[in-house]
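Use the sequences and the hints to build the structure in full.
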Amino acid sequence: MSGNLLTQLLLNGLIVGTLYGVVAMCFVLIYKSTQVVNFAQGEFLLIGAWTCWWLVVEAGLPFWFSFPLTFVFMMVFGIALQMVVLRPLIGEPIISVIMVTIGMSLFFQSITKWIFGADVQPFPEIFPVKAVDVFGLQVQPAYLMSLVVSVLVMIGFAWFFKYSRMGLAMRATAFNQQVAQSLGISVKNVFAMAWAISAMVSALAGVVVGMVNGVSGALSFFGIKVFPAVIVGGLDSIIGAIVGGLIIGLLENFAEYVDGQWLHLGNLYTVAPFYVLIIILMIKPYGLFGTHKIERV
Amino acid sequence: MAEPALKLAPEEPLLSVNNIEVVYDDVILVLRGVSLEVPKGKVVTLLGPNGAGKSTTLKAISGLLATEDGEVTRGSITFEGEEIANKNPEDIVRRGIFQVMEGRRIVEDMTCLENLRLGAFTRRDGGAAIRNDIDMVYNYFPRLKERTGMAGYLSGGEQQMLAIGRALMARPKMILLDEPSMGLSPLLVKEVFGIIEQLCHDLGITILLVEQNARMALKVADFGYIMESGKIMLDGAKEDLINNEDVKEFYLGGDKERKSFKNLKSYKRRKRWL
Numbered sequence: 001m002s003g004n005l006l007t008q009l010l011l012n013g014l015i016v017g018t019l020y021g022v023v024a025m026c027f028v029l030i031y032k033s034t035q036v037v038n039f040a041q042g043e044f045l046l047i048g049a050w051t052c053w054w055l056v057v058e059a060g061l062p063f064w065f066s067f068p069l070t071f072v073f074m075m076v077f078g079i080a081l082q083m084v085v086l087r088p089l090i091g092e093p094i095i096s097v098i099m100v101t102i103g104m105s106l107f108f109q110s111i112t113k114w115i116f117g118a119d120v121q122p123f124p125e126i127f128p129v130k131a132v133d134v135f136g137l138q139v140q141p142a143y144l145m146s147l148v149v150s151v152l153v154m155i156g157f158a159w160f161f162k163y164s165r166m167g168l169a170m171r172a173t174a175f176n177q178q179v180a181q182s183l184g185i186s187v188k189n190v191f192a193m194a195w196a197i198s199a200m201v202s203a204l205a206g207v208v209v210g211m212v213n214g215v216s217g218a219l220s221f222f223g224i225k226v227f228p229a230v231i232v233g234g235l236d237s238i239i240g241a242i243v244g245g246l247i248i249g250l251l252e253n254f255a256e257y258v259d260g261q262w263l264h265l266g267n268l269y270t271v272a273p274f275y276v277l278i279i280i281l282m283i284k285p286y287g288l289f290g291t292h293k294i295e296r297v
Numbered sequence: 001m002a003e004p005a006l007k008l009a010p011e012e013p014l015l016s017v018n019n020i021e022v023v024y025d026d027v028i029l030v031l032r033g034v035s036l037e038v039p040k041g042k043v044v045t046l047l048g049p050n051g052a053g054k055s056t057t058l059k060a061i062s063g064l065l066a067t068e069d070g071e072v073t074r075g076s077i078t079f080e081g082e083e084i085a086n087k088n089p090e091d092i093v094r095r096g097i098f099q100v101m102e103g104r105r106i107v108e109d110m111t112c113l114e115n116l117r118l119g120a121f122t123r124r125d126g127g128a129a130i131r132n133d134i135d136m137v138y139n140y141f142p143r144l145k146e147r148t149g150m151a152g153y154l155s156g157g158e159q160q161m162l163a164i165g166r167a168l169m170a171r172p173k174m175i176l177l178d179e180p181s182m183g184l185s186p187l188l189v190k191e192v193f194g195i196i197e198q199l200c201h202d203l204g205i206t207i208l209l210v211e212q213n214a215r216m217a218l219k220v221a222d223f224g225y226i227m228e229s230g231k232i233m234l235d236g237a238k239e240d241l242i243n244n245e246d247v248k249e250f251y252l253g254g255d256k257e258r259k260s261f262k263n264l265k266s267y268k269r270r271k272r273w274l
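Which chain is which? The protein sequence lines are A and B, in order. By the working numbering, the letter at position 297 of the first sequence is numbered 297, and the numbering carries on one by one without gaps. By the working numbering, the letter at position 69 of the second sequence is numbered 69, and the numbering carries on one by one without gaps.
Hints are supplied without guarantee of correctness; some may be wrong.
What the hints assert, rightly or not - Heads up, simulated DSS-like pairs for lysine-lysine below, C-alpha to C-alpha not over 30 Å straight-line:
hint : chain 1 : residue 1 : chain 2 : residue 2
1    : B       : K145      : B       : K42
2    : B       : K248      : B       : K40
3    : B       : K145      : A       : K162
4    : B       : K173      : A       : K162
5    : A       : K188      : B       : K87
6    : B       : K173      : A       : K188
Simulated from the structure, these hints should not be mistaken for lab results. Just so you know, these numbers come straight off a predicted model, no measurement behind them.
Below is the structure:
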């Protein structure tokens, strides 16, 4: 019985882990191209989830229309944020920009509470709530969908950075801004694009989590959870973000299992990732996949 | 066979820099009245010691000066008859000037192929044309085709070839080459310069070449300028420069005996009176 519980928890870990991975990728995307550690990543999920919720519940639009509309809104939001708040800060010390993202995080948390209230608002039932049976394990259809969507997003990212013209431009900008400019790449556009994509994809994760747990300010906690994932994987590695996300997701649920079975400390799953974070930073300060500078011998 | 009618008068240079002054950080005056002309289809070289302002001149042309807090405060730079001073670098790349920066500056964590595709960033003529040009670059530099790993692990010569290949991918009208010989063995320098000469000949690309290796540069150039401490000190056709006593003494070397100091700097004094 407890073996079954373990596999069930690990499956949950896998599903939550891919979501962490997706949000971590968004975080890395911004860090890589603009060197900004975005403390407002979790608020992107929050804003995305509230926007979609508002379109479905208040505006009464069908979900399959609201969902893409949320994307469009988040894209505009990301670009606007970059142009209005962050573009004037180009050239300022990076620590100032990071402080600004902390400010943005508080600002968005408060403003969403002000507009939508502090209560948890459930999404109307879009997928059947009744868990389906997969290989003897109970899985919510919404989670299954989230797994599929996350994997699709990851494949999309991989394709984008490997083959698309803008993806290559973003990697070049991440490598060196002057080099990118010498190739005719507009660094400002790349920055705006990084924030737009990051906001869009985070919103996707926000909607998925919101559908399962309901929409509330707690969603922004995702942004904090993503830190260990990103640090484990290495701040500047997209692959690392995915692996880090999976590790943290699995670890959380495993900690939950250990705690529930033997330790009975309660809430071990929230702190376990941060213990791992500390250990990883001691052993591998660049993370598992973080790049050191290439040295020719 | 009649020559096709040219838009520009034949004597009008492709690029002309007129009396520019460049200031870094609003206070540091680096170039003081630099003027030079680059005729279409020619190789022009800009020689001079370290810190003379050669690279700054190139960055003023390519617009990359802005990325280093520099600015053209006086004078004008015209390309195909249009003013380009202080325009942003994207705009200048789109107009057809591509700078290959000092120290190669390839994207180290990308493959050769990805670097080449990046070179074509500003092009809008579709995948087939770009693939075609990638093959052309591999034709010029066959050894790049065999390298499939990260470009950061290429040898210095290969990186230089990749940097030049990447410039070709943009289909530029003019390439600004900043010290292509830096850190290369004499044999590789020869190879790279051979390719530069060939490019100018085959593709009709105009080249403005900044070099420390004056002997090599004057071999491939049609015309040369010599810069010292932010000013052009001397200019002339390749033969005139090679036969100039001062150039021989300062940049080419190989004279049997040193002359007295007062004769050495004579061209500086001559220039000051002009």
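Okay, the hints, checked on the actual structure:
{"no.": "1", "hint": "B:K145 to B:K42", "result": "holds (29 Å)"}
{"no.": "2", "hint": "B:K248 to B:K40", "result": "holds (28 Å)"}
{"no.": "3", "hint": "B:K145 to A:K162", "result": "holds (18 Å)"}
{"no.": "4", "hint": "B:K173 to A:K162", "result": "holds (29 Å)"}
{"no.": "5", "hint": "A:K188 to B:K87", "result": "holds (15 Å)"}
{"no.": "6", "hint": "B:K173 to A:K188", "result": "holds (26 Å)"}
Every hint from the earlier list agrees with this structure, and none is contradicted.
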